[in-house]
Amino acid sequence: MTQGRSSAPFGPLGVMRNWLRSAPSTAPRQRRSGASHVVSWVILILAILYFFVPLLATFLHSIKPRPNDIPDPTLAYRQVLADEGFFIGLGYSFLAGIITIIISLLIIVPTAYWVRLKVPRLRPVVEFVTLMPFVVPPVVFVFGLIRTYGGPPFGLLSTNAGSDFVLVAAYVILSFPYMYRAVDTGLAAIDVRTLTEASQSLGASWTRILLRVIFPNLRTAILSGAFLTLAIVVGEYTIATYLARNQAFGPYLSLLGRSAPYTPAVVTLISFALTWIAMGMIALLGRGGRQGVQVAGAR
Amino acid sequence: MAEAVVIDERGALPARPARSFGWAWLGLLPFFAFSIAFMFLPTSYLVIGSLLKDGQPSLQNYADLNTGIIPSAFMTSIEISLVTAIAGGILGFLLAYAIILGGLPHWLRTGVMTFSGVASNFAGVPLALAFVFTLGQLGVVTVLLQGLGFNIYEGNFRLTGKFGLELVYLYFQIPLMVLIIAPAIDGLKKDWREAAENMGATPAVYWRRVALPILTPSILGTMVLLFGNAFGAQATAYQLTGGTLNIITLVISSQIRGDVLHNPGLGFAAAMGMVAIMAVSIGLYTVFQRRAERWLRS
Numbered sequence: 000m001t002q003g004r005s006s007a008p009f010g011p012l013g014v015m016r017n018w019l020r021s022a023p024s025t026a027p028r029q030r031r032s033g034a035s036h037v038v039s040w041v042i043l044i045l046a047i048l049y050f051f052v053p054l055l056a057t058f059l060h061s062i063k064p065r066p067n068d069i070p071d072p073t074l075a076y077r078q079v080l081a082d083e084g085f086f087i088g089l090g091y092s093f094l095a096g097i098i099t100i101i102i103s104l105l106i107i108v109p110t111a112y113w114v115r116l117k118v119p120r121l122r123p124v125v126e127f128v129t130l131m132p133f134v135v136p137p138v139v140f141v142f143g144l145i146r147t148y149g150g151p152p153f154g155l156l157s158t159n160a161g162s163d164f165v166l167v168a169a170y171v172i173l174s175f176p177y178m179y180r181a182v183d184t185g186l187a188a189i190d191v192r193t194l195t196e197a198s199q200s201l202g203a204s205w206t207r208i209l210l211r212v213i214f215p216n217l218r219t220a221i222l223s224g225a226f227l228t229l230a231i232v233v234g235e236y237t238i239a240t241y242l243a244r245n246q247a248f249g250p251y252l253s254l255l256g257r258s259a260p261y262t263p264a265v266v267t268l269i270s271f272a273l274t275w276i277a278m279g280m281i282a283l284l285g286r287g288g289r290q291g292v293q294v295a296g297a298r
Numbered sequence: 000m001a002e003a004v005v006i007d008e009r010g011a012l013p014a015r016p017a018r019s020f021g022w023a024w025l026g027l028l029p030f031f032a033f034s035i036a037f038m039f040l041p042t043s044y045l046v047i048g049s050l051l052k053d054g055q056p057s058l059q060n061y062a063d064l065n066t067g068i069i070p071s072a073f074m075t076s077i078e079i080s081l082v083t084a085i086a087g088g089i090l091g092f093l094l095a096y097a098i099i100l101g102g103l104p105h106w107l108r109t110g111v112m113t114f115s116g117v118a119s120n121f122a123g124v125p126l127a128l129a130f131v132f133t134l135g136q137l138g139v140v141t142v143l144l145q146g147l148g149f150n151i152y153e154g155n156f157r158l159t160g161k162f163g164l165e166l167v168y169l170y171f172q173i174p175l176m177v178l179i180i181a182p183a184i185d186g187l188k189k190d191w192r193e194a195a196e197n198m199g200a201t202p203a204v205y206w207r208r209v210a211l212p213i214l215t216p217s218i219l220g221t222m223v224l225l226f227g228n229a230f231g232a233q234a235t236a237y238q239l240t241g242g243t244l245n246i247i248t249l250v251i252s253s254q255i256r257g258d259v260l261h262n263p264g265l266g267f268a269a270a271m272g273m274v275a276i277m278a279v280s281i282g283l284y285t286v287f288q289r290r291a292e293r294w295l296r297s
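Chain order of the listed sequences is X and R.
The numbers in numbering that gives the first Met the number 0 rise by one with no breaks, and the one at position 160 of the first sequence is 159.
The numbers in numbering that gives the first Met the number 0 rise by one with no breaks, and the one at position 73 of the second sequence is 72.
No wet-lab data here; the hints were simulated from the structure.
Some hints here could point you the wrong way.
A few chain X residues facing chain R, derived, Cβ under 7 Å [said to hold, decoys possible]:
1) Ser39
2) Thr57
3) Ile62
4) Pro66
5) Ile106
6) Phe133
7) Val135
8) Pro136
9) Val138
10) Val191
11) Ser198
12) Ser200
13) Leu209
14) Val212
15) Tyr236
16) Thr237
Okay, the calculated bits of chain R under chain X, using three or more residues with CB under 8 Å as the criterion [stated by the list, open to error]:
17) 23-29
18) 99-106
19) 110-123
20) 138-146
21) 208-214
22) 245-255
23) 270-284
Here a beta-carbon is modelled for each residue, glycine too, at the ideal position from N, C-alpha and C.
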């Protein structure tokens, strides 16, 4: 019914997925004229300049400290490693990320499974809902959350636990588009119906089917969705700041950037490395779930 | 399509015929309940608040969008988003063209694609800081150029100004364009080029008459996506400018911190204005995407 249309690529994630699914182009390259070849190299070199100079400059800045005029390139690094706030920030944001991933999976896996198995006609509705974070920018989203849950009758934001809860809930919503895409792609690769019928004929309950049959078969998809979620959550600034979660990694780095001269460069490099690791893991996990495009979250 | 056919042929599970749609949707209840609580309820709060003036239903807040700093904040946001969408779109297209059809070694292509995945996600606070260390008043490149007798701050350039912000946004706009447009360029079939050449088309004619028309919906669609991407960005702008630049995300930030507009309803209306613009851009993107698939599907 709507299966054909709605499984068409939706959004950058869909495009990416379709591209990765299709075999790499084996078409022999056209003979290039020398001029076009040169132009390509020029474009590439300019791009490399633009993209690497800021990273190089950040690195050079991080090794700049000269206490008493004696060069000490590792000083800023040692200061970061001695900074409690750095570890608290990383720890807090990683924990928030992991809880986000768990809640997101508990909601999205059964939902995507159920949509495929029982209610394919609700797929456009579910997809639309998961795409809401693209329509409501983070700053507007957190605005609504604060006004809704800050005041009566909820009053959730007056306690730390309440604010942490709202923060994680917001991150779960932000993770939906990526998680749903990843899990749905994973489900497309396995025969959901046969697996379900086989399990049922062996007497398995729905919970058992989901936990013992569907989840294990989605390992790769789940992991790539999880790493992308982690990359979004750990660097997130806007929502964490306005929910007064100032110990989180994003707000911590922001404050450090205003107050210290050299250590922010170190933390910026670490932040870049973390993004690189998360994307590298997704690439390693292979084709089916490799989705590196993100248009909501930490801008 | 094949999938849909299989489902139809085999029918639903024996115990629950396909017609029992009435209860099946209950399986989606946790998902919908969560989305309503944490996405739709907060958004509705803003919608309702924007439609109330002194407790009475009113459209006055929307009329008031045309007062004070709000029109110029929207205009600056739109301008920055347009500039970075068009510039990022063109530069990203050129880069994608270079790595796919430019005759560069294949490993370079893989490298650029992987890096694009990282750079498109490297945004917000750390990105702003990296540019401060590069082109800020005391940035490494600024100082280096000064040593060569060239002071970039002599003229109008300010990293914390509009142009500076645009320069920084390109760091995630260009890679996003590369990620989305590279597969489309890769999808151009060799047959089309050969057919064009057989009929005597030069490469320039092939590009103008065949390749570009096929790619146009993809290019425009991605540019619309880039527009929305920049329009909703807050963290990068806040860190870079310290909240001094008058763009709409920063107006809303100040409105959250303290009612700087001296009118809560106006703040809600401004937020809804953002949502409306984002909705239009995502909608346009979807339309362009559907058009793009027509040629690039099979």
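**Asked** Against which earlier hints does the structure fall short, listed by number upward?
**Response** Failing hints, ascending: 3, 4, 10, 11, 12, 13, 14 and 21.
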